[in-house]
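Asks: Take the given structure of chain A and dock chain B to it, following the hints.
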Amino acid sequence: MSPQLGNLSGIRILERSGECAALAGKFLAELGAEVIKVEPPQGEPSRRRGPFIGEENPERSVPFLAYNTSKRGITLASHHPRARAVWRALVESADVVLYSVGDEDSRAWGPLPASDEDMLAWNPRLVVCRVSPFGHGGPYASRRGSDLTVVALGGNLYPTGNPDRAPVRCSLPVSHFHGGIEAAVAVSFGLWGVATRGHGDTLDVSLQACMVMPNMTTPMQFPFTGFAGKRVGGGFRGARAFFRELWPCKDGYVSFALRGGPARIPGIKALVQYMDECGMAPPALRDRNWDEYNHNVITQAEVDEIEEALAAFFRTKTMQELFEVACARNLLLAPANTAREIVSSRQLAAREFFVRIEDPKRSLTLLYPGAFARNSLGNIRVRGPAPMLGEHNAEVYAALGFDPVGLAKEGVI
Amino acid sequence: MAAAPSWFEGIKILEFGGGAAGPLASRYFADFGATVVRVESRLRPDFIRLLRYKPGDPHGFDGSHMFAMVNPNKLGIALNMNHPRAREVALRLVDWCDVLAENFAPGILARWGLDYPTLAARKPELIMISTCLNGQTGPDRNYPGFGGQGSALAGFNHLTGWPDREPLGPYGTITDSLAPRFVALLVASALLYRQRTGKGQYIDFSQVEGGIACLSENILTFTATGEVLTRRGNQSRYAAPHGVYRCAPRGDDDDRWLALAVHNEEDWRTLRRIMGEPGWAQDRRFDTVAGRLQHAAELDCAIEGWTRQHDNERLAAQLAEAGLDAAPVWNFPELLADPQLAHRRHFRSVQHPVIGEHLCERPAFHSARMDAEIRRPAPCLGEHTELVCRELLGMKPEEFEELRAAGVFE
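Heads up: the sequence lines are chains A and B, in that order. In the numbering used here, each residue's number is its place in the first sequence (first place is 1) plus 113. In the numbering used here, each residue's number is its place in the second sequence (first place is 1) plus 14.
Isolated chain A, as found in the complex (with noise of 0.2 Å):
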């Protein structure tokens, strides 16, 4: 692993938490933080999620390895007589304990060995933050949760889909990504009040109330706007019409929607020229005034007109074509890529945004997401693939005074 050098060089975060924080360390490593998971011995149960590479194993999870680079891996039997104190070291150590309770992941394995009022006791500077599913206390506070129920009581799952069907999910949990980072957040605040004002604290995150800002305001201006939410497909409503926002092209998908206001207008005139030179632009849009156009003033009828000549045209061009075309125009179009046109995106090469990751112990060289942001100092980076299980036993515990191989024996790690 490379040197813990970055913005939060020198800070030490236990994370014992399943798949719905396990972004927050993620980040927060990728930051400079030395971040040490902290697994039952049979590992987290991410690990037994697949899809696999190659066999089905716990080193080989895509999941599991996805979300947890940059970190290192320790074990801890929670319920163990001696797990306590040995938590207790664990904790003096570190500056962050961030954890999930009530969530899927961690209801197979059971509580931590310390109540959050103990770690504190231990250790005055300590942040704590807790990760679950709807957060501290409160009417809730003894449901199950999971990314499908949290997005629905948010608010995000309502509006989100086609009219005739179901509110549907994204196929990834978007709500550990929010809770993930909203978690780092928490943690960073914390820290700066340790920083600031040498005092430790407990941050309380709710993945339900996470999912809440996905929704852009719009449920709070329900007083106002009288809108109670509507799938609209790929689309968006103004004051008079639904739009569409989603177009099959040759190969895929464009996004791409009749939205006015002057930082969007020019786009769409630059795509009405573009169609005009292709032949395929009728007199509703080359000889509209698009300088006056408003999304909330036009009717449904001239956008279903606008919108079939459109459609039309966008069928005879490809993914790649199209955003070409958006690039060199300034048009506010966009493909819905795969992972297959994210990894060959030369803006993403250009900026060497992906990174192989060698992962000798077990004999894997993958290509990676690179860190989430950069900065003038470098020190943004992902440092490492995923620990395997326990992989940093024999030099956490043993920098912590204790016999690695008889907690081992004992079966505490």
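Honestly, the hints are just simulated from the structure, not real lab data. Take these hints with a grain of salt, some might be off.
Stated by the list, open to error - Straight line, CA to CA, 35 Å or less: simulated DSBU-like cross-link-like pairs of lysine-lysine: (1) LYS343/A - LYS68/B; (2) LYS137/B - LYS410/B; (3) LYS474/A - LYS430/A; (4) LYS213/B - LYS410/B; (5) LYS430/A - LYS382/A; (6) LYS68/B - LYS382/A.
Replies: Below, chain B without anything else, positioned relative to chain A:
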């Protein structure tokens, strides 16, 4: 002002840009005590000020609900950056601030002489962050995207929807709500670094790259196994039933749904019992997760036959009470009335001079020591120009008047 000092009391953030992705990030700091000054111009207003705007609107650019909900707790200054004397005011604001956050298209700040190398030479401890769709470098940096495009480019659209229908993207242009969280994390980490070393830094955050980093599983599945993940409706790779099922209408509202995830055999037995052990559910094919996953479509159809007879909220409560992972699918007014969010005081009421009383959100995390407070409504355009110039920058009255007369504060 807050009664007790909060985390970022004394931290000063200067914000250029618009929309939601940038401004929601500085909200995290503003809610916890930072002073945020937002620079705008009435000659080119933030597009979210114009969402409901019609020419002749008596409220001018101040009647936008979305703008009001995104920008509470900030001060607003009007500054026409194309005026020859605007840069001197902007530089004084840079001297004043700890953090400059901007989400314009790449190169706009440089055009105004406010690029990082210039500002860092003047003020090495400055933290500056630029947020745009594709980042500040690369051949497609000038591609003019919003959240809808970011979501498509990062892969979210392809992964959301039904396998036999068009890709959709999660409601609300997801990169716009991931980005503020990433930016808040980056700025806080840079403040921590500066606290320790005295050094500033420049951060380049691409919203597409942030989205792709979240979707690491999507990329690694392809690079490690060759499989291209695609949208699968509500089906899970690991659990079945796992879906959203239509429930009985409530009055004339027939858009009522239950979300239900059955994670293991015990869950399945519980569900069967609550359904009254119907004959179809005794089918041996449904006894194991593997069997249920294989016959998920058939299972979903049978379950919906049952849920259609029940009210979604009552049924979800019954299932949750029995220990299952089930929830009603809230529409917007139901979300506002959610008892758990009420317990967390997630929505707060704000009094805005133009739109009146409205709700806004607080961060989704709570601290045992610090409370996120809403201390003031979003600024009307240019509302605090004089206050910022006189009190924060220490301008003399005659100097302020001269600049105003020259049209700098438009």
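Asks: Next, verify each hint and record whether it holds.
Replies: Quick rundown of the hints versus the structure:
1. This hinted pair checks out: LYS343/A and LYS68/B have alpha carbons roughly 24 Å apart, not beyond 35 Å.
2. At roughly 23 Å between alpha-carbon atoms, LYS137/B and LYS410/B fall within 35 Å of each other, so this suggested pair holds.
3. Restraint check: the Cα-Cα separation between LYS474/A and LYS430/A comes to about 46 Å, which exceeds 35 Å; the hinted pair is violated.
4. For the proposed pair LYS213/B and LYS410/B, the alpha carbon gap of about 32 Å is at most 35 Å, so the pair holds.
5. The hinted pair formed by LYS430/A and LYS382/A meets the criterion: a straight-line CA distance of about 18 Å does not exceed 35 Å.
6. For the suggested pair LYS68/B and LYS382/A, the alpha carbons sit about 21 Å apart, so the restraint of at most 35 Å is met.
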